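Residue numbers (this note's numbering), protein chains in the order written: chain Z, 154 to 658; chain V, 383 to 544.
No lab work stands behind these hints: they were computed from the structure. Keep in mind that a hint or two might mislead.
[Said to hold, decoys possible] Straight-line distance between alpha carbons at most 30 Å, and here's what the computed DSS-like set of lysine-lysine pairs gives:
1. V/K523 to Z/K501
2. Z/K381 to Z/K370
3. Z/K501 to V/K535
4. V/K523 to Z/K381
5. Z/K485 to Z/K461
6. Z/K471 to Z/K501
7. Z/K485 to Z/K528
Source: prediction; values computed, not measured.
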Amino acid sequence: MAELTAERPSPPGEYPVVIVGSGPGGLQLSHALRHLGVDHAILSQDPSAGGMFRRFPFFQRLLSWTKPYAPVPRTDREYERYDWNSLISEDPRLRAIQPSLMDGTSYFPSRPEMERNLATFAERAGVPVRYGCRWESTRTDGERFVLVTSDGEYHCRIPVFAVGVAEPWRPETPGIDLAPHYADTREAHTYADREIFIVGKENSAFELASGFLQWAKRIILASPSPAKLSVTTNSLVGVRARYVQPYEDNVLGGGVIVLNASIQEIARIGQRFRVRVRRSQTNEEQVFEVDDVIAATGWVPPLLDLPKLGVVTFGRNKLPALTPFWESVSLKGIHFAGTITQAAAGLKKNGIPANSGGVNGHRYNGRVLARHIAKTCFGVELPRPELRAEDVAPFLLRELDHGPEMWHQRSYLCRVVTVSPDEGIRDEGIWPLAHFVDSAGPDAIAATIEANAQGDNYPAFYIRRADRVTEHLLEPDQSMRYDTPDRRTALASALGEVLGVRVAA
Amino acid sequence: MVGLRSSEASVRERGARLARSADGRSDELHDTLAALALFADISSAELESIAHTMEERYFAEGERILRQGFTGSGFYIVLEGEAAARVNGTEVNRLGRGDFFGEVSVLLGEPPSADVVALRPLRCAVLAATQVEDFIVTHPKVAFRMLQAEARKLRNATRWRS
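Extracted from the complex, chain Z is given alone in its bound form (with noise of 0.2 Å):
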């Protein structure tokens, strides 16, 4: 037993860093600092990688897609416009999993095949996840942190939890013990011939009223505010058009009823059970006699002792208040990675959010966790190519035509150019787009995609000079194509000034 023990990796100890979940959030960052060359340990309580992606979604399809087939080839770096799943890395035979393992019944791959992409992940990188290790409690000891778990107590300068958003969460509803969480829900089947009441209209709801609709008699969908569409909202905000077939049952006259009300109470009668909802606009009540009710009520970090610990917390999924670099705004040194990150809002122009909630968007935040944490912690010295002042517009634009990071975390990462006499002009990477516009520095450039309610994307670019950051839109294009003549030269004339050159008329 002793010396199974001891091949297990990332033992308890003393480390630089300790990462504590083994889902895509764990997985990306561990990944993306061991090529930076930070030590560290990775710790999980499942044993096995995927995180969440071991048991969710309820239905077994996920809500984001990888085409196999794209326009651009797997191994370009384009192609992650494309794939949503696959975890990133500079090394190609970590690049585009997703895809190779998915069976082409549909675009949006299966649990299982996300689950054998984050395994394969791991097992290819080498990720040293202690599996079967539970995180149980935190203390602080002098600046330095101890995580007490099941094998023991690990000592860290940089604790950083990649423990996901995947607590059940119940509200205070009079009877909601009564209704099972979307977690236990049981097989379809089973709910054949009968009526189901749902609490809840956000696209857990919307999933499994979906699953249901070949076997429930009748399915009511309730919560106060009424149900967003993604393609209403133009962006992730909103019920997926995958789950939207239940909203058109409801409004061509099937068996689906969705309702703005706040539910009042839930009791059992007998088998049944009896919902009291009052109705949003009109304060009028109504009674539902129903087979099944199942709360889809949404989620929660398990931050366990974090917030006795001084980690504030906000909001209906109890988030915790981040830095733009998802550090705890109130407890130096302790970072999120992961789904977790989607607490740091950022500029959330327009109302549109960052995809940070998802793979496709923390895997990039991932890497900019691991570049800053390597970077102001341990002085790691991160490459900043020099760029010649005529090349800074056709390079920015190149790269909001096709790098991944800001097509997916539009307004919210941005590529960085740097301006100073002594340094010259200097590609600083991508950074986290609220850092760089709330931060005092040298001259610089910040390049993004933005969008609006109506659907359009357009570069925006920020430029700090003297400490002053001002805000420089271009011209929207339907097939996200910036690079233009036109473009160049509004580019060109809006950076003149900071990269001291004239530019043509």
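With chain Z's structure known, arrange chain V on it following the hints.
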């Protein structure tokens, strides 16, 4: 069954809604909104709907919420904490619990003319600019309260100048 008139329901249910929530995901936001003058005239169910429509955000001390000259901002209601409005770095106003900001920028479709910066940890309820028109039309009693607040600001500005 037809429900109670909104104002009656508002009074009767105010205590109850402080104790519990609808599907409960917005418990704290709902309760905080319930105590603000802006939402004094609406029913519990309508407030539940508003609490589910608005997003809660947290800003650390020193963090910018509105950025002068940047497009795409939103409408904010201060739930807790304090903020300063600054034009070109000069403070022009202080904002506290129950105050709202960003509405002029949203209604005129122009970038904000001031920065708003958290002076200490700040919690806000937020609506994206694209949601504001629908919000005002759907909740006219809240819109009326907003107009009253705008009228007071205008009156004070006029007094100051005269």
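Output the indices of the hints that this structure fails to meet, ascending. none
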